[in-house]
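*Asks:* In the order they appear, the protein sequences are chains A and B.
Residue numbering for the first sequence follows my numbering, beginning at 1 and increasing consecutively.
Residue numbering for the second sequence follows my numbering, beginning at 159 and increasing consecutively.
Just so you know, these hints were derived from the structure itself, not from any lab.
Quick caveat: nothing in here was measured; it's all calculated off a predicted structure.
Every residue gets a Cβ at the ideal spot worked out from N, C-alpha and C, and that includes glycine.
Among the hints, erroneous ones may be present.
To be verified - Distance ranges between label pairs, derived from CB positions: (1) P300(B) / P4(A): 13 to 21 Å; (2) R131(A) / L198(B): 32 to 40 Å; (3) P154(A) / P205(B): 16 to 24 Å.
Stated by the list, open to error - Okay, the calculated bits of chain A under chain B, using three or more residues with CB under 8 Å as the criterion: (4) 11 to 17; (5) 144 to 158.
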Amino acid sequence: MTEPLNDDELMALLGEAVAEADAVSDRRRTAARAAFTWRSVDAELAELLHDSALDAGAAVRSGAGGGGEPRTLSFGHSGLTLEVEVDGETLLGQVIGTGSAASAPQAASVLLERPEADAVSAEADAAGFFRLERVRPGTVRFVVEQGGWSLTTPWVTL
Amino acid sequence: MDRFLPLVDAIIRGHRLSEADGDDVSQTVWLRLVEHLGDLREPAALPGWIRTTTRNECLRLLSARGRVRPVDPQDATGLDAVVDDVAGTDLLAAESRQLLREALASLPEARRALLLLLLADPPVGYEEISRRLGIPIGSIGPTRARALEQLRRTPALRRLAEVIS
């Protein structure tokens, strides 16, 4: 059991707590408020199936190797799977239809959305592959459409 | 939401991300919160959710940037070991400060206003405090003592006592 704090000690801790709140940058405050404009009640999100950055041992590899390996992410939602590989500013991806989306005659289209910038789009080829260049770090999500099926991923930080 | 911005900030700081990466993690956390608002029916679950999400996003980005310190490959505890290594104590301190802000926010307006003026940086003199709050100088000290006593009885500070013991 620790000693209870006296008034001056408590005031000192309160001072730190209040200073921390004052230190939040306007930039982050504004971005946080703007996040609420992205609320979409009906959208069902894809599940993040895999992120190489979360692998046990990823820290070991990257710590030793300087982060040389591309990061891979995969998402899935009712009939569609999206796999992406981020290597520097190049993003390679593949849309894989399972079930009836697999037999959709149209190629998949992919949108890379950012909260504070216009979305970038790409068309996948017949095998579902697509490529995006000059992909800057930041918060993004993907919206994939194919033959009436669509998939929206959760937001991730690249 | 504004209440938890400093907590997210503090956790990010504890992971020593760059300013730009920190901005991105912060933004991702809030966007993910917006996605999950429907699932989070219990307000009490919010701080835990924010803490876990922020920490995970920091670790993912550190890993993606190749900036996590090497850990013993034989010790297969993975990310949890990194958390404790990088930000365990920082996280505890960040949570304590969050609880202090919660406690302060739950005080009656007049008492909170007095404490905030007494904590102001640069300091505000007693005469100025007396003028702004319309209370005699002589009652500032006793009011401060009563406010702190009330603060100690808030649920947030009771939890803080559990956290640090």
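*Asks:* Honestly, do P300(B) and P4(A) meet the 13 to 21 Å range at C-beta?
*Replies:* 20 Å, holds
*Asks:* Counting residues of the segment 11 to 17 of chain A with a beta carbon closer than 8 Å to any beta carbon of chain B, are there 3 or more?
*Replies:* With 6 residues closer than 8 Å to chain B, the segment 11 to 17 of chain A meets the three-residue bar; holds.
*Asks:* Can the segment 144 to 158 of chain A be counted as covered by chain B under the rule of three residues or more with Cβ-Cβ separation shorter than 8 Å?
*Replies:* holds (count 5)
*Asks:* Return holds or violated for the Cβ distance of R131(A) and L198(B) against the range 32 to 40 Å.
*Replies:* 37 Å, holds
*Asks:* Could one say that the CB atoms of P154(A) and P205(B) fall in the range 16 to 24 Å?
*Replies:* 20 Å, holds
Hint compliance for this structure: no hint is broken.
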